[in-house]
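Colleague: Sequence:
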Amino acid sequence: MTASDIIRRYFDAFNAKDTAAMLACLDPEVAHHVNEGEVRIGTEKFAAFCAHMTRSYDETLTDMVVFEAEGGTRAAAEYIVNGTYLQTDEGLPPARGQTYRLPAGSFFTLKDGRISRVVTYYNLADWVRQVA
405 MTASDIIRRY FDAFNAKDTA AMLACLDPEV AHHVNEGEVR IGTEKFAAFC AHMTRSYDET
465 LTDMVVFEAE GGTRAAAEYI VNGTYLQTDE GLPPARGQTY RLPAGSFFTL KDGRISRVVT
525 YYNLADWVRQ VA
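Quick note: to get the numbering used here, add 404 to the position in the sequence shown (first position is 1).
It cannot be assumed that every hint is accurate.
The calculated lysine-lysine pairs, modelled on DSS-like cross-linking and capped at a C-alpha distance of 27 Å, are [to be verified]:
| # | residue 1 | residue 2 |
| --- | --- | --- |
| 1 | Lys-421 | Lys-449 |
| 2 | Lys-515 | Lys-449 |
| 3 | Lys-421 | Lys-515 |
In short, the hints are calculated from the structure, not lab data.
Whole structure, please, built from the sequences with the hints as guidance.
Modeller: Right, dumping it as structure tokens:
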């Protein structure tokens with residue numbers, strides 16, 4: 405399985421809202437670099453992050469383009485986040501079911517057929533403008 409295949413499987417699981425399938429793509433000691441947040445190490449913290457996100461946001465990713473570096477240990481993806489803000493997240497504007505559409509990207513490191521690093525970027529100011 406190529407790095408691109410693993411990344412696509414990861415994002416297919418995201419869109420299916422299947423956290424267990426996402427976790428199956430990850431190295432147990434995955435480093436999860438969240439936009440505007442702290443680095444979380446390990447699948448337990450990743451699963452907790454996913455549970456929080458599911459409570460506050462309903463998101464689907466579209467227009468996915470996956471890039472793979474030569475050697476298969478690095479990959480990236482560019483996509484559009486189509487979402488609904490469900491529950492107010494601490495420090496952010498109040499949730500009232502607002503919808504948003506936001507360009508985003510992720511960078512990955514792969515080791516032994518699993519994702520060992522996930523870095524996600526999006527423009528938080530653009531998101532705040534859309535939901536305010």
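Colleague: Now, for every hint given, state plainly whether the structure supports it.
Modeller: So, going through the hints one by one against the coordinates:
1. Lys-421 <-> Lys-449: Holds. Lys-421 to Lys-449 sits at ~17 Å (cutoff 27 Å).
2. Lys-515 <-> Lys-449: holds, 19 Å
3. Lys-421 <-> Lys-515: holds, 24 Å
Consistency note: the structure conflicts with none of the earlier hints.
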